[in-house]
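Enquirer: Each chain, written out:
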Amino acid sequence: MFFEQLLNGLVVGSMYALIALGFSLVFGVLNKLNFAHPELFMLSGFLTIAMVALGIPLAIAAVLVCVVIGVAGLAVELVSFRKFAGKDGHITAALSSLAVGLVLIDGAQKYWGTEPISMPGASTLRIASVSAWGISISWLKIGTLIFTLVLMVVLHHMITRTRFGRNIRATADSPDAARLLGIDVKRVNQYTFLMASVLAAIAGIMLLLRTGYATTDVGFSLGLKALAILAIGGMGELRGAVLGGLLVGVLESMAFHFGLGRLSDVVVWILMIGVLLIRPAGLFGGGGIHKETRA
Amino acid sequence: MTSDHIIFTGLNILLAWSAYVILMSGSLSFANGAFMALGAYGSGVLTVKFGLHLLVALPIAAVGTAVFAALVALPALRTRGVYLILVTIGIASCLRAVLESTPYIGGVRGMSGLMGTQIWHIAVLVVLVGGMLWWISRSPLQRILDAVREDESVARSMGIHTVYVKTIMFSAGAAIAAMAGGLYAHHMVFVRPENFDILVSIYIVLYIILGGTNNMWGPVLGAVTMTLLPEVLRGASEWRGTLFGAMVVLMLLIRPDGLLAFRIQSISARVMPPNREPQS
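Keeping their order, the protein sequence lines are chains A and B. Numbers 1 to 295, taken from our numbering, label the letters of the first sequence in order. Numbers 1001 to 1280, taken from our numbering, label the letters of the second sequence in order.
Hints in this document: simulated from the structure, not taken from any laboratory. Fair warning: this is a prediction, and the values are worked out from it, not measured in the lab. We put the CB at the ideal spot given by N, CA and C, even for glycine. A few of these clues could be false.
Stated by the list, open to error - Residues from chain A shown here face chain B by an in silico Cβ test under 7 Å; the list is partial: (1) Leu58; (2) Val103; (3) Thr160; (4) His257; (5) Arg262; (6) Asp265; (7) Trp269; (8) Val275; (9) Leu277; (10) Ile278; (11) Ala281.
As the list claims (entries may be wrong) - If you want the footprint, here are the derived chain A segments under chain B, 3+ residues with CB under 8 Å: (12) 36–44; (13) 181–192; (14) 199–205; (15) 225–231.
Claimed, not checked - Derived DMTMM-like pairs (lysine to aspartate or glutamate); straight-line CA-CA distance at most 25 Å: (16) A:Lys110 <-> A:Asp217; (17) A:Lys186 <-> A:Asp173; (18) A:Lys110 <-> B:Asp1197; (19) A:Lys83 <-> A:Asp176; (20) A:Lys83 <-> B:Asp1151; (21) A:Lys186 <-> A:Glu115; (22) A:Lys110 <-> B:Glu1231; (23) A:Lys110 <-> B:Asp1151; (24) B:Lys1049 <-> B:Glu1194; (25) A:Lys83 <-> A:Asp217; (26) A:Lys186 <-> A:Asp176; (27) A:Lys83 <-> B:Glu1231; (28) B:Lys1049 <-> B:Glu1100; (29) A:Lys110 <-> B:Glu1238.
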């Protein structure tokens, strides 16, 4: 039972990590919070259900959803971030993206309703499982964990080892200096939003496959936790977002295991306030976009 | 216009001001819905379980909320602005979970039996808070707040205790939100934790953004518009969120300072740098 909970925590944590990575990428490069991000995460679940309901196979639907959400992310960048570069830009951009998020959540509630809608054929995915050492693990969870791991490795390689990643790190360090060196900062910002949104879409599809339904309130209930994870791991730190996400996922499932019930949602925020008090730079500082590593 | 409209308009003006007071010192709060809940439940417990009069219970709840706000926000107020946003979102998310799992105040089912709000209570509170804000805008305090908002390190170098100023303003905003919450609860008779969702806090902040952030009339305009527009326009109440969000996005693109973007200059506040950039 305990190990199952631990594994559940890791699976949930990897989903948190993906959302937090999206927040962290945008915050690292633009120094701004993207409040439309949790709603893109929320939307991807509904879009997947809509596409599967149209008869599109799940794998193709997932790719299509990533494309659609990625384009939506580019639209958010255009509407809420491109214009606000000044001194107060970070607050204006946060508010503007918040308003975009409000439109998205209201639109989703009008179109799909406030009740959860379930995914056709999701139950068969969850039942298939493997048993070892007395614990049964569904293939879905194993797949989720492996997929997340691969995604992280690819992302890390992209950021630290490629020319594109170097452009991103340079822009994160100083947009002005990057521009002087001939980097197309606008393009870098767009790619950052594209990557962040695709990560949100993947997280949304993972949540949908695991729970089997989509609701409009996951943006607020799960997406906003990623913000706390951002502070726990260190703002703009990619490694911090991943480790913080896993840590919070495990802690939450432990809290639930030991009978905190509904209050296990509070754990992440208390942890955040504690981290702010003791180590304001975050628990896992030192491996982020800003830091010059190899390459 | 029925009395309901008047009450909700007044409450929304108070809530918009509560966020504006916090914004005056440069912080953005997404916890005002939670402070409203603290005021509502705090005063509700005092009136229902202890039989106190509403007008006695309200100030007690407000002071309690202010102290709570100061204690929770202090670690964040000492660091960069973005952390305060995170902490306030945290307060908003936590409080609902805590309220829902506390059987003493009804848990998920909510608390009932709250009554006694009169229109004049709200009117008096609006006049009081408005008068206070007007007085601040003409006093040297306004310049201190401007300095803290525009550039904290400069303000600190001029001998202003910025953490102190920000904490006081944050607590004051929390207290105003708590009183509005108490009056709201005692008008509705029945409150549930989901009445104080984080969406409420977001609406409160966006009221100010719509109306204008740099003088006390902007929040009033935003609150009144967004309370009464859905009543006037047929269909607008159904699409309230989309309409409101789209208005704010457009507003920020076209007129980043809000509809009412000017400062009512007083004689004492006129001593400002000649080419002061409008903040956005």
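Enquirer: It remains to establish, for every hint, whether it holds in the given structure.
Expert: For each hint, the structure was consulted:
no.: 1; hint: Leu58; verdict: violated (30 Å)
no.: 2; hint: Val103; verdict: holds (4 Å)
no.: 3; hint: Thr160; verdict: violated (25 Å)
no.: 4; hint: His257; verdict: violated (17 Å)
no.: 5; hint: Arg262; verdict: holds (5 Å)
no.: 6; hint: Asp265; verdict: holds (5 Å)
no.: 7; hint: Trp269; verdict: holds (4 Å)
no.: 8; hint: Val275; verdict: violated (10 Å)
no.: 9; hint: Leu277; verdict: holds (5 Å)
no.: 10; hint: Ile278; verdict: violated (9 Å)
no.: 11; hint: Ala281; verdict: violated (9 Å)
no.: 12; hint: 36–44; verdict: violated (count 0)
no.: 13; hint: 181–192; verdict: violated (count 0)
no.: 14; hint: 199–205; verdict: violated (count 0)
no.: 15; hint: 225–231; verdict: holds (count 5)
no.: 16; hint: A:Lys110 <-> A:Asp217; verdict: holds (13 Å)
no.: 17; hint: A:Lys186 <-> A:Asp173; verdict: holds (15 Å)
no.: 18; hint: A:Lys110 <-> B:Asp1197; verdict: holds (19 Å)
no.: 19; hint: A:Lys83 <-> A:Asp176; verdict: holds (16 Å)
no.: 20; hint: A:Lys83 <-> B:Asp1151; verdict: holds (22 Å)
no.: 21; hint: A:Lys186 <-> A:Glu115; verdict: violated (39 Å)
no.: 22; hint: A:Lys110 <-> B:Glu1231; verdict: holds (19 Å)
no.: 23; hint: A:Lys110 <-> B:Asp1151; verdict: violated (42 Å)
no.: 24; hint: B:Lys1049 <-> B:Glu1194; verdict: holds (22 Å)
no.: 25; hint: A:Lys83 <-> A:Asp217; verdict: violated (29 Å)
no.: 26; hint: A:Lys186 <-> A:Asp176; verdict: holds (12 Å)
no.: 27; hint: A:Lys83 <-> B:Glu1231; verdict: violated (33 Å)
no.: 28; hint: B:Lys1049 <-> B:Glu1100; verdict: holds (18 Å)
no.: 29; hint: A:Lys110 <-> B:Glu1238; verdict: holds (9 Å)
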